[in-house]
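Enquirer: If you read the protein sequences in the order shown, they are chains A and B.
Position in the first sequence counted from 1, then plus 619, gives you the working numbering.
Position in the second sequence counted from 1, then plus 1419, gives you the working numbering.
Careful, some of the hints might be misleading.
[Claimed, not checked] Using 25 Å as the maximum straight-line C-alpha spacing, the simulated DSS-like pairs for lysine-lysine come out as follows:
hint, chain 1, residue 1, chain 2, residue 2
1, B, K1473, A, K697
2, A, K736, A, K697
3, B, K1468, B, K1510
4, A, K697, A, K640
5, A, K758, A, K640
6, B, K1468, A, K697
7, A, K640, A, K756
8, B, K1473, A, K640
9, B, K1468, A, K640
10, B, K1487, B, K1473
Hints are computed from structural coordinates only; laboratory data are not their basis.
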Amino acid sequence: MRLEYFQLIDRIVDLSLADRKISTEATVPTDSTIFEGHFPGYPLMPGVLLIEAMAQTSGWLVVAANRFERMAFLAAVKGAKFRTFVTPGQVMAVTAQLAHDGSGYAITEANIAIDGKPVCDATLTLRVLNFPNEEMKVKMRETAARVGFPSEALVNA
Amino acid sequence: MSSTFDTIANIIAETCDIPRDSITPESHAINDLGIDSLDFLDIAFAIDKAFGIKLPLEQWTQEVNDGKATTEQYFVLNNLAARIDELVAAKGA
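With the hints as extra help, turn the sequences into a complete structure.
Expert: As structure tokens, this is what we get:
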């Protein structure tokens, strides 16, 4: 997890467009200035960042479903529940299921688990738009390579 | 069996917390009911599910932006109901 770059996902573990599902992994850093404030003497991963991890995971799924021709932007979060604390060093398993592929938007059901135990879940709405510029499209491809985006998932779909 | 309009009106009332009796076939979803684009995504999702279709929101928006259609054609509710009926019929054809 590169919190300073707001890149919460370390790697894509599995992606199946046939099943409309993605799994990613994100390890909470042991050291970050965020924990100096949240909270002093009792470091916890902020809930908003757990949502962001689910949003980024959902985003990779939607971008993949659109074959890197369109970008996903978080638009709404519903029913978010934080079931337990997440602390520095823990490895989060993040999954997202594409619940609906609409015209210009997508709905995902996302959740995070640690050691098989549910940590949080939410229903996310993402707007699906054309990339605003070519640079962003290229950068997304570069980031995809960094997180191990499985290009074969696009071929086999 | 409820009409297409009734189904839409019920969805809007529930999704946007708008009194059901204030929603009429002549209501414009944006101008009269004050539904914004984000709330309309929730409505579109519910409509897609209820009718088993995919409202072509992007196509409609493009047509409006290009001056080829008016918002009334798609967002006045009796017109929206007619478009949905067309989509349902096309799906079954």
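Enquirer: Run every hint past the structure and note whether it holds.
Expert: Going through the hints against the structure:
1. For the proposed pair K1473 (chain B) and K697 (chain A), the alpha carbon gap of about 22 Å is at most 25 Å, so the pair holds.
2. Straight-line distance between C-alpha atoms of K736 (chain A) and K697 (chain A) comes to about 21 Å, which keeps the hinted pair within the 25 Å bound.
3. For the hint pairing K1468 (chain B) with K1510 (chain B), the CA-to-CA distance comes to about 14 Å; that is within 25 Å, so the pair holds.
4. Using a Cα cut-off of 25 Å, the hinted pair K697 (chain A) and K640 (chain A) holds, with the two alpha carbons roughly 19 Å apart.
5. This hinted pair checks out: K758 (chain A) and K640 (chain A) have alpha carbons roughly 23 Å apart, not beyond 25 Å.
6. Among the hinted pairs, K1468 (chain B) with K697 (chain A) is consistent with the structure: their alpha-carbon atoms are about 18 Å apart, no more than 25 Å.
7. Between K640 (chain A) and K756 (chain A) the CA atoms are separated by roughly 22 Å; this keeps the pair inside 25 Å, and the hint holds.
8. At roughly 20 Å between alpha-carbon atoms, K1473 (chain B) and K640 (chain A) fall within 25 Å of each other, so this suggested pair holds.
9. With a C-alpha separation of about 19 Å, the suggested pair K1468 (chain B) and K640 (chain A) falls inside the 25 Å cut-off, and the hint holds.
10. This hinted pair checks out: K1487 (chain B) and K1473 (chain B) have alpha carbons roughly 21 Å apart, not beyond 25 Å.
Of the numbered hints given earlier, the model fails none.
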